[in-house]
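Novice: Using the sequences provided together with the hints, build the complete structure.
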Amino acid sequence: MDLGEANYAPLSPLVFLERAAQIHPQRPAVIYNSRRFTWSQELQRCRRLASALRRRGIGPGDVVAVVAPNVPAMYEVQFGVPMASAVLNCVNIRLDQRTVATLFHHSGVKAVLVDEEFLHLISGALRDWTAKAGTLFQAPFVVVIRDEFFQGMENSWPPGSSDYEDFLREGDPSFEWSRPEDETETISVSYTSGTTASPKGVMLTHRGAYLSALSECVTWEMKHGCIYLWTLPLFHCNGWCFPWAVAALAGTNICLRQVTAKGIFAAIAEHNVTNFCAAPTVLSTIISAATGSTFSRLQHRQVRIMTAGAAPPAAVLAKIEALGFHVTHVYGLTETYGARLKARQGVKYVGLDGLQVLNSETLEPVAKDGVTIGEVCMRGNMVFKGYLNNPEATLESFRGGWFHSGDLAVWHPDGYIEIKDRAKDIIISGGENISSLEVESILYRHPAVLEAAVVARPDEKWGESPCAFVSLKYGVRSNEEEILSFCRQHLPKFMVPKSVVILAALDKTATGKIQKQVLRSKARAFGSVKQISKL
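All residue numbers for the sequence shown refer to the working numbering, where the first residue is 1 and numbers rise by one.
Mixed in with the good hints, there may be bad ones.
[Stated by the list, open to error] Keeping only pairs whose Cα atoms sit at most 25 Å apart, straight-line, the calculated BS3-like set for lysine-lysine is:
1. LYS342 <-> LYS385
2. LYS498 <-> LYS420
3. LYS342 <-> LYS513
4. LYS424 <-> LYS493
5. LYS420 <-> LYS493
6. LYS493 <-> LYS522
7. LYS493 <-> LYS461
8. LYS473 <-> LYS498
9. LYS319 <-> LYS262
10. LYS522 <-> LYS473
11. LYS461 <-> LYS498
12. LYS424 <-> LYS368
13. LYS508 <-> LYS342
14. LYS319 <-> LYS473
15. LYS508 <-> LYS424
16. LYS424 <-> LYS498
17. LYS342 <-> LYS223
18. LYS508 <-> LYS262
19. LYS319 <-> LYS508
20. LYS424 <-> LYS461
21. LYS508 <-> LYS522
22. LYS368 <-> LYS420
23. LYS498 <-> LYS513
24. LYS522 <-> LYS461
Hints listed in this document are in silico derivations from the structure and should not be mistaken for laboratory results.
Specialist: Have a look at this one:
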């Protein structure tokens, strides 16, 4: 028997916005400093955005790029752009103009919404794109998001640009948007962070986004009317689908333009924040900035943090939880709509059909013995559609009917899936495999170390040897020999770094991931161990 209108509707997370506005029209939806919007107002603003885009010629399948920090407009585009049947591309604000131009060219961007702070980036990217495309190039129209709370220098606007609020006024607040005819239509293109290779355009679907949002609500046990603080960049994998999850719960979004420990503590105190997501590096920042008064304020109310992007060291988890936070360590990738596994419990999200640690050659599950290494593989409705304009990479990633993450792990008897490393981050020294994560976990136990990353460095005798990069806690001193001595006390001899480089801060992506490919290049450039010196 065929399905029809009476018993089938394509899944799309956009319906969560209309439901929130219908049931809780006056509940605060978005708060940004002194600006507040209710769910009813947000629905009208998103409809206006969709309508204005359509009136400017944006239609099904057209890509709309957005370059902005966590401000209200960045939340609104998560709904307004796909309501116009367009594809959303949220751009990493830390990219350089050449990379942005490459991404624009790759996705064929038709419109760009840009925060005024990043006008110079977009202007440069459009110039680069124009030079590459030549006379056939048709520049996208630009809409500028002005922010009264932005304290930086003003930048000149590209010719013909529109103001975001004026652009919304062009649209119809009663615009009748429609669900996608096919729920597997692309809702967004998220480019990978580039910690492994050249960025790839990851196509996410309406169906996957809908199921991902609801799975987050269930797996994290989020409460109806939650207060969600935007510390996670909204441009990273659509904020792990939390814009739609918060709408499903008719919660409140607290926007932070800049993520600082002071801003986080202030938001928690003022708005009674219940949830936020952050990379382990943000947790370290919170710990470093914590004071006695902050601790006493938080110890009576537990705030839930979801962390991913790297394995949080045990020492960091212990310290952050002592401040009154409850931490859930999750694992995922851009290709899985963000986090999809409670790593320490080995529990996959409700909407994820298949999860295995497989032998990369036989594609058979490895033993749950905590020793045998395999590759984390996933399948199901919360795995991406494919890489935009890259069928070869898509086929390779779906080899054998599984999505291959490229992450190596062991599966413990109690269910814990322990990520040992990226396949390319394993250090092979004298025939022994060294997990950079294991060495880093020891470095994080050193009382002076704030951040740590270990990469392979060419070694004439052993082939490769561990090279550690660290940054120190504010006001604390240490040196290479002291840190090496600490490692010798806690690691087997072959795992001890041959060199330690102390930096003011480690190179990171906009989402807080330490960029090991940058550090690997630095390690190679240093030459022999004797040439390493404190920077």
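Novice: Next step is simple, just say for each hint if it's right about the structure.
Specialist: Results of checking the hints against the structure:
{"no.": "1", "hint": "LYS342 <-> LYS385", "in the structure": "holds (23 Å)"}
{"no.": "2", "hint": "LYS498 <-> LYS420", "in the structure": "holds (20 Å)"}
{"no.": "3", "hint": "LYS342 <-> LYS513", "in the structure": "holds (19 Å)"}
{"no.": "4", "hint": "LYS424 <-> LYS493", "in the structure": "holds (22 Å)"}
{"no.": "5", "hint": "LYS420 <-> LYS493", "in the structure": "holds (19 Å)"}
{"no.": "6", "hint": "LYS493 <-> LYS522", "in the structure": "holds (24 Å)"}
{"no.": "7", "hint": "LYS493 <-> LYS461", "in the structure": "holds (15 Å)"}
{"no.": "8", "hint": "LYS473 <-> LYS498", "in the structure": "holds (22 Å)"}
{"no.": "9", "hint": "LYS319 <-> LYS262", "in the structure": "holds (17 Å)"}
{"no.": "10", "hint": "LYS522 <-> LYS473", "in the structure": "holds (22 Å)"}
{"no.": "11", "hint": "LYS461 <-> LYS498", "in the structure": "holds (12 Å)"}
{"no.": "12", "hint": "LYS424 <-> LYS368", "in the structure": "holds (23 Å)"}
{"no.": "13", "hint": "LYS508 <-> LYS342", "in the structure": "holds (24 Å)"}
{"no.": "14", "hint": "LYS319 <-> LYS473", "in the structure": "holds (14 Å)"}
{"no.": "15", "hint": "LYS508 <-> LYS424", "in the structure": "holds (18 Å)"}
{"no.": "16", "hint": "LYS424 <-> LYS498", "in the structure": "holds (19 Å)"}
{"no.": "17", "hint": "LYS342 <-> LYS223", "in the structure": "holds (18 Å)"}
{"no.": "18", "hint": "LYS508 <-> LYS262", "in the structure": "holds (21 Å)"}
{"no.": "19", "hint": "LYS319 <-> LYS508", "in the structure": "holds (22 Å)"}
{"no.": "20", "hint": "LYS424 <-> LYS461", "in the structure": "holds (20 Å)"}
{"no.": "21", "hint": "LYS508 <-> LYS522", "in the structure": "holds (14 Å)"}
{"no.": "22", "hint": "LYS368 <-> LYS420", "in the structure": "holds (14 Å)"}
{"no.": "23", "hint": "LYS498 <-> LYS513", "in the structure": "holds (24 Å)"}
{"no.": "24", "hint": "LYS522 <-> LYS461", "in the structure": "holds (20 Å)"}
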